[in-house]
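Visitor: Chain by chain, the residues:
2 protein chains.
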Amino acid sequence: MKSICAIDGVRAWGIKEGKYGLSLIAAEGTVAGVLTRNLVRAGPIEAMVKRIENGRLAGVIVNSGCANAYTGELGYQNAEAMAVIGAEVLGTTPDLIGVASTGVIGRHLDLDLIRRQAATVAPHLTSSEEAEGRAARGMMTTDLAEKHALIRGDGFSVAGLCKGSGMIAPNMGTMLAFLYTDATVEAPALQQMLQQAVNRSFNRVVVDGDTSTNDIVLCTATNQRGTVDPASFSAALETCCRSLAIQIAADGEGATKLIEMIVSKAPSEEEAATVAKTIIESPLVKTAVYGEDPNWGRIIAAAGRAGVVFNPNRVSLFSGEGTKRVPLVRDGTIVVDLAAAKASMQGKKVVFELELNAGTASATAWGCDLTEKYIDINGRYTT
Amino acid sequence: MKSICAIDGVRAWGIKEGKYGLSLIAAEGTVAGVLTRNLVRAGPIEAMVKRIENGRLAGVIVNSGCANAYTGELGYQNAEAMAVIGAEVLGTTPDLIGVASTGVIGRHLDLDLIRRQAATVAPHLTSSEEAEGRAARGMMTTDLAEKHALIRGDGFSVAGLCKGSGMIAPNMGTMLAFLYTDATVEAPALQQMLQQAVNRSFNRVVVDGDTSTNDIVLCTATNQRGTVDPASFSAALETCCRSLAIQIAADGEGATKLIEMIVSKAPSEEEAATVAKTIIESPLVKTAVYGEDPNWGRIIAAAGRAGVVFNPNRVSLFSGEGTKRVPLVRDGTIVVDLAAAKASMQGKKVVFELELNAGTASATAWGCDLTEKYIDINGRYTT
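Protein sequences appear in the order of chains X and U.
So for the first sequence, my numbering puts the first residue at 1; every next one is plus one.
So for the second sequence, my numbering puts the first residue at 1; every next one is plus one.
Take these hints with a grain of salt, some might be off.
Repeated chains share a single entry, so a pair holds when one copy, or any two copies, can fit it.
Derived DSSO-like pairs (lysine-lysine); straight-line CA-CA distance at most 27 Å [as the list claims (entries may be wrong)]:
no., residue 1, residue 2
1, K2, K50
2, K19, K342
3, K324, K342
4, K19, K2
5, K19, K373
Please keep in mind that the hints were generated in silico from the structure rather than gathered at the bench.
Since we're looking at a predicted model, the values are computed, not measured.
Using the sequences and the accompanying hints, generate a full structural model.
Guide: Structure representation (structure tokens):
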């Protein structure tokens, strides 16, 4: 198994017909969820608010192709109707069915299609590597790769799958993640740990800074193992989220390189994250990485506008990792060897570390380079 | 005259030799200035802090090709040395000489070059259309067009020239603007009015969200006319800044279209500006404009993540201006005619108006589309 079907009590399947897909995941348990912070929230997101408050689900139904976003009161009613369809095929009640959608904004759900696809998918629900793959593909839009993660803890496992090409696809930039654990965790504790894990993973991925109306991360604990050490469970949950988040960054539209930006020796983790995200969002940094150009001035200039206080004349900046790691700036003095710096930026993953020398906290953010293909995909698309 | 040489008491000239240019502008008067808010500030910016506090200048010396940024204490000393050079050729004292630089970050000024270029330029200082053009070109880097503005008020004039390809050029994304008026204005009042005009013009231009280490806007009042009505002077100053700001947006690297984003019926001007800037900064919106794709969902989704409270189900959205203006969304209901909407996005200028229906304030922001050429320029560049 690569992800969720490694968790006892999880069954899955999915279908993809042209642009329209549907996935079902059946798993009874305690639930925590993190929803989009965009003020414009899709129908299914509105429908999830009280379900997450209740803290229990028996399964989820997810469709791709239509986001059911900016569809008003009817959109909310359609999301509830989708939960009814999910409840019928899974043999439970609609309040125990999670709903999520991804696709074009401003169009209403085709409930007949969803009913037909759900009826097709449900009989196949099973726990296998093929099943988790089908579920992953049923919710993909412009994603080029399935995204799975599985973390084995001491007496428990945490697994997840997600879709997302970095909140950037034409009209369908949604990030959906479904995590499962066999550990026994109460809903309030799960919610707190999920929120922290999301803050340190999905919320540190920037492809183009756009936040979808439909983003959701759900974690279901099937409670089939005993209770677990909160610290080790929390760490496993964060590792699982981070793995998925990095897969999203690497699959950013048009991306050729994953960028990992570490900001260390910062006054606080939050400030380190702010600086890291500001750098990784900079189109100048993203295009420099694309061109394998060690244009370190752009990194320091982006850090300077992040709104975090540090002394620019005390920072150090490194490029690359392992044996290819080279200093660009040390304690405010330029020490770059341009040829070595350029060499450190080759390959599929580019790592920078900026030491602010203003404290002891650190944070990492992930992004991707900006290429002509991003323009082509998003500019040539016609509504 | 197209700009500053229409103001009594202003003389100018400039030179451009390959990547390296130098401009001199002589004009005695009261001075106000707005400096970059980037924490990483170039040497010349540090040197300007006390000169703006003093509120008087006799002239400015500006070089292009080297930003003298991230150059530490020596960078500051070199900026002061450049002021000494300017004072020598203009026959005044260094504390009355403004300095500004634009170009590559992390390299020291070539003071010999600056001394030679200043000696070459100074004898030509004069007040003519050719002179203001030479001064504009001497400070250009990747700009494709000179940027001039001239506003005639009731008994006074305000004029300016600036350089800037939208804070986005490789290593030299600086915005420099020099404004002149013949009106009599005290320094504190001029500072206040300039700050407001900059907030409503240059601070509402977004090409890629990067803020230069070297940005400066200076306004000199030569006091050769009488005192003026503060309201009408303030309006003229803002109009002049806006004209220059729009020219910067239109000259954004790789841009094919100017985008004007109006946000109206907002709770406050500041909130309207925040929403307008968030939209205009969105790569999804910028690429949609490039492709003339009326992808209005991207505009509303960007507005939703701006951090301003409004009811998404009450907004209206329009595209185009004049006879081509068409509604896309009205009071939360989708009314778009895709063909008409697409037609409204053709041409060199694309206008959107988003009515939040949450108040009476409004604000406008300006930007440009995002094209393959931006990637080419910024990705292919090699440090």
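Visitor: For every hint, state whether the structure bears it out.
Guide: Hint-by-hint comparison with the structure:
no. : hint        : result
1   : K2 / K50    : neither (31 Å within a copy, 62 Å between copies)
2   : K19 / K342  : between (40 Å within a copy, 24 Å between copies)
3   : K324 / K342 : within (10 Å within a copy, 49 Å between copies)
4   : K19 / K2    : within (25 Å within a copy, 55 Å between copies)
5   : K19 / K373  : within (21 Å within a copy, 31 Å between copies)
Violation of the numbered hints given earlier is confined to hint 1; every other hint is satisfied by the structure.
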